[in-house]
Each structure stands twice: as structure tokens, then as C-alpha cells.
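If you follow the hints, you should be able to join the two separate chains into one complex; please do so.
Protein chains in written order, with this note's numbering: chain A, 557 to 676; chain B, -8 to 107.
Hint data in this document are derived by calculation from the structure and do not stem from the laboratory.
Small disclaimer: the values here were computed from a predicted structure and weren't measured.
Check before you lean on any hint, since a few could be wrong.
Derived PhoX-like pairs: lysine-lysine, alpha-carbon spacing no greater than 25 Å straight-line [said to hold, decoys possible]:
1. Lys99/B <-> Lys61/B
2. Lys46/B <-> Lys61/B
3. Lys64/B <-> Lys94/B
4. Lys46/B <-> Lys627/A
5. Lys565/A <-> Lys613/A
6. Lys99/B <-> Lys613/A
7. Lys565/A <-> Lys46/B
8. Lys69/B <-> Lys99/B
9. Lys46/B <-> Lys69/B
10. Lys613/A <-> Lys94/B
11. Lys94/B <-> Lys46/B
12. Lys613/A <-> Lys627/A
So the chains spell out like this:
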Amino acid sequence: NAGVTQTPKFQVLKTGQSMTLQCAQDMNHNSMYWYRQDPGMGLRLIYYSASEGTTDKGEVPNGYNVSRLNKREFSLRLESAAPSQTSVYFCASSAQKGGGTSRYSNQPQHFGDGTRLSIL
Amino acid sequence: AQTVTQSQPEMSVQEAETVTLSCTYDTSENNYYLFWYKQPPSRQMILVIRQEAYKQQNATENRFSVNFQKAAKSFSLKISDSQLGDTAMYFCAFMYGGGSNYKLTFGKGTLLTVNP
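One chain only, chain B, in its complex shape (with noise of 0.2 Å):
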């Protein structure tokens, strides 16, 4: 079974700033994605940013980049130039990508706050 580890229960960041929410997964897999989705106080699911485990290249959306470390089964979450509207959980997630279900393994999440 697959584990997705969040080491950091809450993290805090000034506006502007950039800051790195890190996750671990454990699997035996090699065909599998990984994804970090944000839930603001609104309760909304959002997705954030999605890695194919095939692809050396680091992900990128805007301000939301990721460091995927294949070997180490790293998959952490920079959000450069940090913004008030970022405040909210992230949850790193992973999705085995052969069979048929395609189904989520989250993290327990980082809750992060950003001050003004």
C-alpha cells in the first residue's frame, strides 16, 4: 500500500516570500503521479500542480513549482512570491497510474498561513 507523508503540520510565510511544503510518498511503483491540491477556508478542493513519475522535469504552474526527487520519493511544493490568498491546507497526494481505479492516497496535510 502507498503512504503519503506531510512532516509539517503548519507552516507560516511572510507575503512575498517563498516557502517549501514538503512530502514523502512510499511505494514499490513505478508508474504513478503525484499532486498537490490546496483547500483554502472556502472547504473547496482545489488542484494545485500534478507530476507524471516518468518525466524528470520538474512541474511549474506560475508560481507553483515542485522539486520531485524520484529516488528519494520526495515530492515538495515551492510557492514563490507568496500571496494572502495562498493561506490555506495543502495536500500532497498520490495516484498509482496502472489497473483501473486510479485512486488518491492523500497526505494529512500543511496548514499554511500567510502573513501580511
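Here chain A stands alone, though its shape is the one from the complex (with noise of 0.2 Å):
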């Protein structure tokens, strides 16, 4: 019962240096998200994936990418890392559906457990 894993659990890179960061599903979610955590901040979403083959943007895009590789998983890049990025970056999954067949549906966000970025 994996539900949402996310790779590697802690990075520490320099500035400049790119990364990419690994996420994976095996719920049959349609809807991926990332977000990243900051001290007093909460989390801010970063990119999402409302379907296979559709990516967009979040609150705070600026400095990342995203691929929505298949149904199960969805990577976001940092290509030139910035001390700025040094965050909690957390990956999750809902079984929404975009097109509004389920007006009503609630389905909740399943998150993975973190990783943890620092950038010197």
C-alpha cells in the first residue's frame, strides 16, 4: 500500500547545479500536484496535472518544470538551482477528474512524505 512516493528524501545540491525530483502513484489518480513547504508559509503549489498529458501552473512557478511522465508519475526539475529553492517539496495525488463529471466529488489529496532540498 504505497500510495504516493516521492525521491529522494533529502538532496542537498549547490546553486546552479539541476535536479530532478521523482513522484509516483499507484492509486489511479488522475490529478498530481507539487508543492513545496516553507517555514510560516504553509505550502504553496508549485505546478500541477490535472490529467495525463496536461501540466500547469501553480502559485509559484518561477525556477521549475514539470512532466507529467504517465498516469503514474509526475517529476518536477529544478534547472538551475537557487538558494532561494532550499524548501520542503511534497507530491500528491486526488482522484479528481478534470471536466466537472463529478461535481460534487471531494476526493481528497494524497500526499507523499517530503523531500527536503537545501541548496548552498
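Laid out in C-alpha cells, this is it:
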């Protein structure tokens, strides 16, 4: 019963290095999300993918790119890491479908255990 | 844009007592959902309880219940018979129910400490 799996759990980078955070879910969910969590800021949405083949910007997308590789996997890439990107990153998934077919569906988001990323 | 405000950065409660965490939100939408998530020191994000805006009845899950006041845009969490394992950061979250993206907007969190 893995749920949402994130790798790695910890990573230290130097400024300017690139890095891809991996996320996979085994619940056959349509929607996937990437958040960052900073002290005193709560969780903020970076990018999301409402369904396989689509991605959209969230609240704080600058400096990141994403790829929805298939229905299971949604990766987050830092092309040139900056100290301001030091954070804890969470991936989440939910069974929500695009198109409003279940208008009152309230499928919650299931979260991975997070990746602590430090950029020096 | 929706905003979620948790006005209590930190709270503490004695074991076995009751505590209420506050959350207010701002939206012009009528179709939405509200959630409380718990984040213990292990860093996991755990869904505690959820509420559909179209339901007047307050949601309950064992020792956890909410007081949902739609007109006041208030969504507080009550924890009864507090246990040491309830020590965690609690996040209130809003999700718009229309469209196709179902994004969550989180508050900044309330750190709850349950004292023995």
C-alpha cells in the first residue's frame, strides 16, 4: 500500500546545479500536484497536472519545470538551483477528474512523505 | 483568488481536554470544499476531516469535528479528549469545486502541542 512515493527524501545541491524530484502514485489517480513548504508559509502549489498529458502553473512556478511522464509519474525539475529554492517539497495526487463529471466529488489529496532540499 | 487564514500560529492544550483551532477563508464561490490536514513531526500530511460547502451538517470524525459557518466563512476544528499523538501542525485548506483543476489553497498552519 505505497500510495504516493517521492524520491529522494533528502538532497543537498550547490547553486546552479540541476535536479529532478521524482513522484509516483499507485492509486490510479488522475490529478497530481507539486507543493513547496517553507516555514511560516504553509504549502504553496508549484505546478499541477489535472490529467495525463496536461500540466499547469500554480502559485509559485518560477524556476521549476514539470513532466507528467504517464498517469503514475509526475516529476519536478530545478534547472539551475538557487538558495531561495531551499524547501521541503511535497507531491500529492487525487482522484479528481477534469471536466467536472463529478461536480460534488470531494476526493482529498494524498501526499507523499516529502523531499527536503537544501541549496548552498 | 481564494485565501485561507489561520490566526493562531501556536496553541497548547492539556491531555484529555478540548481545543479549537480557527480558520477563516475568503471566496466568492458557492461550490467548494474545506479540509483540515495534520502534519506531525514525521512530516507526513494526513487528512483529518473534510466538509462540503453545500452541506449544512458539520462533519465529524471520531474525536475531530468542525464548526462550519458558511455565511461567516469560518471553518474551525475541534479536537476532543486531546491525546499526545495529536501534537502536530494543523493546516486548513480550501478547494474550489468547479472547473477541472481542484487545487488546494492552504493556510499557514497552527502548531498544536498537547501537554501531558
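Do the hints match the structure? See the list:
Under the criterion of a C-alpha separation no larger than 25 Å, the hint pairing Lys99/B with Lys61/B is consistent with the structure, at around 21 Å. Our distance criterion of 25 Å between C-alpha atoms is met by Lys46/B and Lys61/B, whose separation comes to about 10 Å. Restraint check: the Cα-Cα separation between Lys64/B and Lys94/B comes to about 19 Å, which is no more than 25 Å; the hinted pair holds. A threshold of 25 Å between alpha carbons decides the hint, and for Lys46/B with Lys627/A the separation of about 32 Å lies outside it, so the pair is violated.
Taking the CA atoms of Lys565/A and Lys613/A, the gap is near 24 Å; set against the 25 Å cutoff, the hint holds. Of the supplied pair hints, the one linking Lys99/B and Lys613/A holds, its CA atoms being roughly 21 Å apart against a limit of 25 Å. Restraint check for Lys565/A and Lys46/B: not satisfied, since their Cα atoms lie roughly 39 Å apart, outside the 25 Å limit. Distance hint between Lys69/B and Lys99/B is fulfilled; the C-alpha atoms sit about 18 Å from each other, no more than 25 Å.
Under the criterion of a C-alpha separation no larger than 25 Å, the hint pairing Lys46/B with Lys69/B is consistent with the structure, at around 18 Å. A threshold of 25 Å between alpha carbons decides the hint, and for Lys613/A with Lys94/B the separation of about 11 Å falls inside it, so the pair holds. With a C-alpha separation of about 20 Å, the suggested pair Lys94/B and Lys46/B falls inside the 25 Å cut-off, and the hint holds. Distance check on the hinted pair: Lys613/A and Lys627/A sit about 18 Å apart at the alpha-carbon level, within 25 Å; holds.
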